[in-house]
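Number of protein chains: 4
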Amino acid sequence: MYVDVKVEPRYAETDQMGVIYHGNYFTYFEVARTGFFKHFGYPYKLMESRGIMLPVVDVSCQYKKPILYDDDIVVRTSIASVKGVRIKMSYEIIRTTTEEVLATGSTTHAFVDLELKPVRYKALDEALKEIIEKVCSHKE
Amino acid sequence: MYVDVKVEPRYAETDQMGVIYHGNYFTYFEVARTGFFKHFGYPYKLMESRGIMLPVVDVSCQYKKPILYDDDIVVRTSIASVKGVRIKMSYEIIRTTTEEVLATGSTTHAFVDLELKPVRYKALDEALKEIIEKVCSHKE
Amino acid sequence: MYVDVKVEPRYAETDQMGVIYHGNYFTYFEVARTGFFKHFGYPYKLMESRGIMLPVVDVSCQYKKPILYDDDIVVRTSIASVKGVRIKMSYEIIRTTTEEVLATGSTTHAFVDLELKPVRYKALDEALKEIIEKVCSHKE
Amino acid sequence: MYVDVKVEPRYAETDQMGVIYHGNYFTYFEVARTGFFKHFGYPYKLMESRGIMLPVVDVSCQYKKPILYDDDIVVRTSIASVKGVRIKMSYEIIRTTTEEVLATGSTTHAFVDLELKPVRYKALDEALKEIIEKVCSHKE
Chain A
64 MYVDVKVEPR
74 YAETDQMGVI
84 YHGNYFTYFE
94 VARTGFFKHF
104 GYPYKLMESR
114 GIMLPVVDVS
124 CQYKKPILYD
134 DDIVVRTSIA
144 SVKGVRIKMS
154 YEIIRTTTEE
164 VLATGSTTHA
174 FVDLELKPVR
184 YKALDEALKE
194 IIEKVCSHKE
Chain B
64 MYVDVKVEPR
74 YAETDQMGVI
84 YHGNYFTYFE
94 VARTGFFKHF
104 GYPYKLMESR
114 GIMLPVVDVS
124 CQYKKPILYD
134 DDIVVRTSIA
144 SVKGVRIKMS
154 YEIIRTTTEE
164 VLATGSTTHA
174 FVDLELKPVR
184 YKALDEALKE
194 IIEKVCSHKE
Chain C
64 MYVDVKVEPR
74 YAETDQMGVI
84 YHGNYFTYFE
94 VARTGFFKHF
104 GYPYKLMESR
114 GIMLPVVDVS
124 CQYKKPILYD
134 DDIVVRTSIA
144 SVKGVRIKMS
154 YEIIRTTTEE
164 VLATGSTTHA
174 FVDLELKPVR
184 YKALDEALKE
194 IIEKVCSHKE
Chain D
64 MYVDVKVEPR
74 YAETDQMGVI
84 YHGNYFTYFE
94 VARTGFFKHF
104 GYPYKLMESR
114 GIMLPVVDVS
124 CQYKKPILYD
134 DDIVVRTSIA
144 SVKGVRIKMS
154 YEIIRTTTEE
164 VLATGSTTHA
174 FVDLELKPVR
184 YKALDEALKE
194 IIEKVCSHKE
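Protein chains in written order, with the numbering used here: chain A, 64 to 203; chain B, 64 to 203; chain C, 64 to 203; chain D, 64 to 203.
It cannot be assumed that every hint is accurate.
One copy or two, it doesn't matter: identical chains are merged, so the pair holds either way.
Under the rule of at most 27 Å between Cα atoms (straight-line distance), these lysine-lysine pairs were calculated in the DSSO-like manner [stated by the list, open to error]: (1) K180 to K128; (2) K180 to K101; (3) K146 to K197; (4) K151 to K128; (5) K101 to K69; (6) K127 to K69; (7) K185 to K151; (8) K151 to K127; (9) K69 to K108; (10) K108 to K146; (11) K197 to K180.
The hints are simulated quantities; they were obtained by calculation from the structure and are not laboratory data.
When you get a sec, could you build the whole thing from the sequences and use the hints?
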């Protein structure tokens, strides 16, 4: 189960090779992540108001074909796994006109409270656990 | 009286026209502004610790010739004027190899305290006033 | 006559003051400018294919109230004036929930051909002139 | 064998958590990579003039502790491996005042010619091969 989040490449994000600069893909992943949780009625703001934050601890990206400024893209976003106090999100950047996968990637986050202390899965907000149960099959 | 602050253009800051994206000039002005006050032994951190902040209220930039990724540039930085609770900084981006002015610009800032309330010039920290007196001839 | 273009602030664009970094407003203006011409059926790509480019020669921005990450904003975009080989676009960033103007700004562009030579207004593409005639009352 | 490249965090790169935004670490890696090759007298420009480019095909980053705006950091940069037509660079971001490793990461690049066709290791420019031989022990 995944959510497709539309992202509009911006001119400022191109580089002199004429493509979207590779570091900006993580901005797109963040936009997608936000859209993913919003899709389930659970915006970040609500998450924070319930005392949960998701700082990034690990990221990766594999670049297949460049993203051009004019490309119509979506980021196909899902939860890859939840293990202990960590959640791993997965992403595919897809050019909608050709259905090509331009890049894949992942970001791993720690569940922490507002004092940055780890929060165990069982202690999470029920609404957040419901989303995870619904989306993610690899949970330990 | 001015201070020349070296700034290194970064690849991420180029755009698909093959030049530094015009919005990034304000990042260079900020690096220059920081370097300017550091030059006078007055880093932002010290300013903040003395209860003064300088939020941006107005900016402008005039683009003469593009900055290329490989260009060696300095930002010639000065205080243009101080009026009431506002300070206006001026900048020239200069390619050091040819001494050409690639762009000029300005940023105007309010003197505020940590609660964002305006601070009158007379009430400023003495060290900051000394820098202004030394550098700036247009003070009202 | 103006066009309201929705822009979504991104987390990456915030700074440690907890607001959208002031330099990023020019990225928003660019997104708005693109949306403005697209609204009239004249995307940049078409413009370039007809041999016209609009490099930035001058920009300004006045900051009234900060933009927050969660803000719903539009950029109210118009053509302020056309003089000789230059076109000046104007922008208002408006928080849609409160109808407050958070910032105003402008960008001035030269009409140039693909070899960066100035193009006089009369020599412009008819479709572009039609948009200008429709939108802009200050034309010389 | 590694090269330590100094990078100055910029205010524009902070986010509303009060730390350097995680996507910007790849900009720092790029600055470090450029500095690494420059250290060996082989700037990118020379590389390109000899018909070699190094597009990014894969990246990763592990975040240990946040980078703050005021931090003095270096990026400890090396070549991790060269396999077939790919080179993997490795990075450690180190706070110089405390010698703590704040983050580790890698970027993998393809050797390609100016038409983006893969270039086998043996066919590379001698000067580039010399640097690789000197720095990298994992070469296949």
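Problem set entry | Numbers of the earlier hints that this structure fails to satisfy, in rising order | none
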